[in-house]
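Chains as they are written, first to last, in numbering that gives the first Met the number 0: chain A, 0 to 98; chain B, 0 to 235.
The set of hints was computed from the structure by calculation and includes no laboratory data. It cannot be assumed that every hint is accurate.
[Unchecked claim] Beyond 12 Å from chain A on every Cβ pair, some chain B residues (computed):
#1 L15
#2 A37
#3 I134
#4 E146
#5 E155
#6 R196
#7 P216
#8 P221
[Unchecked claim] Calculated lysine-lysine pairs in the DSSO-like style (CA-CA distance at most 27 Å, straight line):
#9 B:K143 - A:K1
#10 A:K41 - A:K1
#11 B:K111 - A:K20
#12 B:K111 - B:K143
#13 A:K1 - A:K20
#14 B:K111 - A:K41
#15 A:K11 - B:K111
#16 A:K20 - A:K41
#17 B:K111 - A:K1
Positions of the beta carbon are idealized from the N, C-alpha and C atoms, including for glycine.
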Amino acid sequence: MKYRFAAVVTLKRGLADPQGKAIQDALPHVGWNNVSDVSVGKHIELTVEAADEASAREEVHEIGRRLLANPVIEEVQVSAVPIEWMQEPEGGAHEVPVP
Amino acid sequence: MTRRPRVGVVTFPGSLDDRDALRAVRFLDAEGVPVWHADARLPDVDAVILPGGFSYGDYLRTGAIARFARVMGAVCEFAEHGGPVIGICNGFQILCEAGLLPGALIRNRSLKFVSRRIRLRVESTASVLTGGVEIGDILEVPIKHGEGQFVSSDGELGRIEHEGLVLFRYCAPDGAVDDEHNPNGSARAIAGLRNERGNVVGLMPHPEHAVDPDTGPTGGTPLFASLFEHALERVG
Numbered sequence: 000m001k002y003r004f005a006a007v008v009t010l011k012r013g014l015a016d017p018q019g020k021a022i023q024d025a026l027p028h029v030g031w032n033n034v035s036d037v038s039v040g041k042h043i044e045l046t047v048e049a050a051d052e053a054s055a056r057e058e059v060h061e062i063g064r065r066l067l068a069n070p071v072i073e074e075v076q077v078s079a080v081p082i083e084w085m086q087e088p089e090g091g092a093h094e095v096p097v098p
Numbered sequence: 000m001t002r003r004p005r006v007g008v009v010t011f012p013g014s015l016d017d018r019d020a021l022r023a024v025r026f027l028d029a030e031g032v033p034v035w036h037a038d039a040r041l042p043d044v045d046a047v048i049l050p051g052g053f054s055y056g057d058y059l060r061t062g063a064i065a066r067f068a069r070v071m072g073a074v075c076e077f078a079e080h081g082g083p084v085i086g087i088c089n090g091f092q093i094l095c096e097a098g099l100l101p102g103a104l105i106r107n108r109s110l111k112f113v114s115r116r117i118r119l120r121v122e123s124t125a126s127v128l129t130g131g132v133e134i135g136d137i138l139e140v141p142i143k144h145g146e147g148q149f150v151s152s153d154g155e156l157g158r159i160e161h162e163g164l165v166l167f168r169y170c171a172p173d174g175a176v177d178d179e180h181n182p183n184g185s186a187r188a189i190a191g192l193r194n195e196r197g198n199v200v201g202l203m204p205h206p207e208h209a210v211d212p213d214t215g216p217t218g219g220t221p222l223f224a225s226l227f228e229h230a231l232e233r234v235g
């Protein structure tokens, strides 16, 4: 079976997050003075083929630890993503119109 | 006659300073040996340089993909056997990702790419790169990076300092370490580190761009001299 997951990689709390700070510093200029703790991370989706969801999830955690995140500075959270959108509709894949 | 040390320089897809590193090694009368990332084994070399650049486009994180390159298995083995391994800029990032050096390098505090000459203060001579200089020496060397802010947990930083693993700090022309002369916001102004044994070294500044008086400062020359000496000692 195929299972799809989202891995969200974020900097550990307390570490400098220069990108988050840049966004936070920009917000007052756009009219928001009530926003704090802006943090920037990465959203990575992947499909894993495995016997069941539990073992697929365990593999994604392992991938997260070994490659997607650097455990020295980052944390990774894994969640399941519905896979329906990936499957071909009846009558074949959608043609993407070329402008 | 003693033979000239053979220094391997690894080229990853996206390496930029591999040719400069080879040129610097040859300029200083050692033998430069190109090494390809996809090779499973290292050629017969006495030291290895992981050069600067943007290996694998810096996708995911700087150095995150390069550490899994085929040649890195051989580089890690070479380091385990005491072989000198120097990571410059992107090479430093790769060594941190590979776990050969502690900590990590993130986006500069300013969010800007910095490219200019800076000064380094030597903090330890217990490494293959600093064996021939003195503590307190000030070296002028260029930097050019967007992700050179050294970070680590407080506990790990304490260990790094306690064990004397810091080799270089960014400093003012008179040697003072202050925020103004820290170009990227690195913790404790750390510009370069060694491992416990002193044979693996990583630094953000570029000693290979600082060996030829015709093109700029020469702060890199004594560092390469140290490297060559250690490389030959190990052979002899």
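Hints and how they fare:
1. L15: Answer for L15 (chain B): holds, closest chain A Cβ roughly 22 Å.
2. A37: holds, 19 Å
3. I134: Since the minimum Cβ distance to chain A is about 28 Å, I134 (chain B) lies beyond 12 Å and the statement holds.
4. E146: violated, 10 Å
5. E155: The claim is violated: E155 (chain B) sits with its nearest Cβ about 8 Å from chain A, within 12 Å.
6. R196: holds, 20 Å
7. P216: Its Cβ never comes within 12 Å of chain A, the nearest being 28 Å, so this holds.
8. P221: holds, 31 Å
9. B:K143 - A:K1: violated, 44 Å
10. A:K41 - A:K1: With a Cα-Cα distance of about 23 Å, the restraint between K41 (chain A) and K1 (chain A) holds, given a limit of 27 Å.
11. B:K111 - A:K20: holds, 13 Å
12. B:K111 - B:K143: Given that 27 Å is the threshold and the Cα spacing comes to 10 Å, the pair holds.
13. A:K1 - A:K20: violated, 38 Å
14. B:K111 - A:K41: holds, 20 Å
15. A:K11 - B:K111: Roughly 22 Å separates the two Cα atoms, so the pair holds.
16. A:K20 - A:K41: holds, 16 Å
17. B:K111 - A:K1: Distance of about 42 Å is beyond 27 Å: violated.
Of the numbered hints listed earlier, those contradicted by the structure are 4, 5, 9, 13, 17.
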